[in-house]
Amino acid sequence: MAELQISAVEKVYPNGFKAIHGIDLEVADGEFIVLVGPSGCGKSTLLRMIAGLETVTGGTIRIGDRIVNELEPADRDIAMVFQNYALYPHMSVYQNMAYGLRNRGFPKDQIEQRVQKAAGILQLDGLLDRRPRQLSGGQRQRVAMGRAIVREPSAFLFDEPLSNLDAKLRVQMRVEIKQLQRRLGTTSVYVTHDQIEAMTMADRLVVMNAGVAEQIGTPIELYDRPSSVFVGGFIGSPAMNFLAGQVDTDGRHLLLGNGARLALPADGAPAEPNRLVTIGVRPEHLAPAEDGPLRFEVELVEHLGADTLLYGEASAATGGGNGDKGGLVTVRLSGHHALAMGTVLGLTAEPAQLHLFDAATGRRL
Amino acid sequence: MVENRPWLTVFSHFVLILGIGVVALPLWVTVVASTHAGEDLLTSPIPMWFGDNMVDNYRQMLGSGMQHVSGQPLTLMMFNSLVMALSIAIGKIAISLIAAFAICYFQFPLRMTCFWMIFITLMLPVEVRILPTYEVIANVFTPLTKLLNLLGMEGTEIVLPGITIDLDLSMLDSYAGLTLPLIASATATFLFRQFFLTVPDELTEAARIDGAGPLKFFRDILLPLSRTNIAALFVILFIYGWNQYLWPLLVTTDPAYVTIVMGIQSMVNVADIEPQWNLVMTAATLAMLPPVAIVIGMQRLFVKGLVETEK
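Just so you know, the protein sequences line up as chains A and B, in that order. UniProt numbering puts the first residue of the first sequence at 1, with every later residue one more than the last. UniProt numbering puts the first residue of the second sequence at 1, with every later residue one more than the last.
FYI, nobody ran anything at the bench for these hints, they're computed from the structure. For each residue, glycine too, the CB sits at the ideal point set by N, CA and C. Hints may contain errors.
Computed Cβ-Cβ distance ranges for the label pairs, DEER-style [as the list claims (entries may be wrong)]: (1) B:N4 / A:A340: 56 to 64 angstroms; (2) A:P107 / B:V128: 51 to 59 angstroms; (3) A:G126 / B:D201: 29 to 37 angstroms.
Here chain B stands alone, though its shape is the one from the complex (with noise of 0.2 angstroms):
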């Protein structure tokens, strides 16, 4: 802007200042917190500046846990959000990017239905179909038995010479049930499917007379041109995996598959006991850290495939 007009320019840092001031303080506020002993954030006003308890907070949360709620550690629950973040993560690139090679690259009866039923489902979030989500990863089988149900045959098991299939498998409890039905993703393979469509056929082509069969043209050439997307998608969905809330409160009941964020919830909801908001904060600052560094991390690759043809 060349224009020249001081009052402008004052109110547009006012502005801008009273963004980072609402985005920071809650953040500063919290941080803090966390290095004050509990009766100090009971009193009126509350601390701004650090206190001295930080070392004996970080400790107590990472060693033993709050005792009265789950007794867990938060050095598990942060691991159990981290295989859960992380299984979503490259579980859903995974099958999305093959899903999209599959759709864009090759010719087989019923092409177009496929892509068409991964697209319908982007409608059906775990949160839309959460009950009979919750039922088929109580027993996987559900499907079968049900179908077998409408054949004709009762009971849950399959008796054949010699071996008898007890048709009851349940991933309530697990990291397979915390993670399998999140893993499905329309978005991801719709991505990848508008990626691959940009990409021109006479690479393609050249690969063919190169001598790159299906596997190693997708190998050589494709994987590495959507490096940028897989960058950019990987930060998305490891942000999208660790703030779960709703699916892994449903699916654990051992206290061994908390989570992260259920530890904080379950922090804050305490019956008959003031909460012990230095704890709960350190916690808070704890869950931060991990979405934060991979943001870090990965920006520069982030920013690129949000925004870079690089062809």
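The shape of chain A in the complex, shown without the other chains (with noise of 0.2 angstroms):
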């Protein structure tokens, strides 16, 4: 058990090319971080420099009260899970979780005890004999659990570690994870490209964009409070919707680029008068209203059972403005809805659910 303490932690290739751009992270004794961002943003090579994989070019990481900057994998105390398992495929699953512990010169008992814990604790009791090849893929990923947990790490890694399974078994392994790092109260970091798991998953999340942490916080904070343009749209599934637009000049409404005039919260726009601003908005807080200031032409309906899913062009419900079309915009409203394709239907969204981004530099006003 440690804290881990990343501070403007940078990774240049040889090539030249930077992919980690000064990443300061503090992560609490038994916390369950989440890297998240799409393909190549750097999280995966975060993840790497703190296992050691990756040699780290500036800045430092620290295990514990250890700067491990300069330590071997191997002796820097922690346990890593990768996407394809990596289990040794000559090994039998007791000699795969075996193997890290006999390296270190553990007493043969103690690795017998210390196996025999984790097979019963990741239910592979009977399975200890197998060779990997021979397991399913959601019983693969345990051995590679098992691989970490005997080693008792002061930190768990995980490498995208449910990619390769099916919908089903990644939602049963998500659970099984999140279950296991409690009970065992170990410091983790978890890379994935799959917001829903992060979200579901993280005690805190850091969401990552060309090697920048765009924001650190809890699912909800990101929720609610997107930073910048790419979190809103990163967080949260169907995606955030924008709209290009501008502060009117008393400064109380929005002007989209279509013509519709938004209100804005009573306490005042947090930007001032003729400002350009990219508007965000989730699908789920855009509701249905006969005098809405929106008209929204419905083009394709998904039913969800619980949701139904429009996706559809918004317009001005005046008319004016430059006449444009807003773009494309997709409404989640809950329940069933027989909603027919070409139907109009009038859009409002409460003041206090619009998001306000710089329209240059897409951080939050």
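Mind assembling these two chains? They're in different frames, but the hints should get you there.
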């Protein structure tokens, strides 16, 4: 058990490519941190730097009270679970789990005891003599977990461990990993590109984009107050709607490019009049209303059972403006709605649910 | 095939039987001939069924050999061939494994240059470089003395205060001379390199996190994974070594180092008298046995090594 401290960590590859642009992160003892972001954002690189599989070219990484920048992976007291499990194909499940302990010179009876304990926790009791190829995907995943927990390390590192599983198993393993981490209370860093996985598992999330930590916070903080267009678009499914607009001259309304006027919260806009902004509003925060400021034409309906998703074009209800279409908008209604394609609805949004971002930088206003 | 064309079936069976005949008949004649007395084979037609001289033939060849040729018993020749084939197979595999490990898993200056230098030797089999190779084996220090001569030093000795090192070490007529030049192998290095490249990086990384250093990783992970490849290569290289003819002929003159392939050849090329075909065939039959045993014994692993991707 230990806290993990990442200060101003940078990664520059020998060819000059800068993959990580100075990240600061403090992980408390026993915390479950998820690094999330699109492919190539540097989340795996950061994890591999913590593991010691990539060199650190700037800043420091501290596990517990040791700076580990120069330590070999084996000496960092971490355990890692890989996407493709990386089980040794010629060894039995037992040998796979015992290998790390054997290399560290643990006595036989202690290895036996630890492996049996881990096997019990992970329900692998009957499978210890099998080879990895005789196991199902979920079982292999458990063996990979077992290999990590027998070591009783200071921190677990997970590199997209569920990507190779089918959807149903993924949900199940997600819950298992989370429960296991709670039970063991081991500090964990988990990398994924799946935002549902990220939201459901994380104590705190780090949303990464192009080598920068865009925002760090609890899942609900990120959902309620995304710090940038990127975070807003990445967290939440279906994704947040973005519309281009401008703060109206009165400072109390937003003027959309398509001519619609949306009311701002009563306490005023966090922006001066005439400022160009990007407005973000989540699909679940758009509601049908007869006299709503937006006119929405349904182009596609998806029935999910609990929810109904509507896709279509939004434009101004009153006409005027420059006559632009507002762009594609997604609306999420709860329950069943029998709406035909081409139906026209009025839409409104709670002023408090509007997110305003600077049009140029994409940062929250 | 669900097609039912009787004549096609008959025809394809005919072709197959013909094929078996072409391959098997000479083998049959060889084995049968090795059981007859010498005179039986000089009259027409040659016998197609076993004679009663088998025990005598084999006892003579294994015990004393053919007196008027080299006078060496086949046991010695087979032992020589066995030493040669095993040394070549094991030596090639060991060196190639280590070379491929170095090229795939370590960063060192001129790594790719090393790889390409090894690879280019594919174009230089023993037959092509046989004269220079012979010269080196005749005196291992040849390259060094040539270099010293270039630098203006004469003679074949290095004189240091107190001792004189004579730069003359011949490997002619020795097992080392027979095998060493054939051990260097680009093919096997390349094969292992290709195999190592398919081993997922995560496996290496998992081993690093599990505290396995490079040699431990090699021994505990890479070697067991290469097991089937090693077996397949062993079979191929053993037969390659067993069948060597030109090189042993060149570097050995001492009858004590005659290999069986050379031996059979010298039994046929006799001057003035008829070759004793029954004894030649006995030798041929015996010469076939070890490779056959190796193939049969390692067949399962061999096939696995060629087709399977066990990962």
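Hints, one by one, checked against the model:
1. B:N4 / A:A340: 56 to 64 angstroms: holds (59 angstroms)
2. A:P107 / B:V128: 51 to 59 angstroms: holds (58 angstroms)
3. A:G126 / B:D201: 29 to 37 angstroms: holds (31 angstroms)
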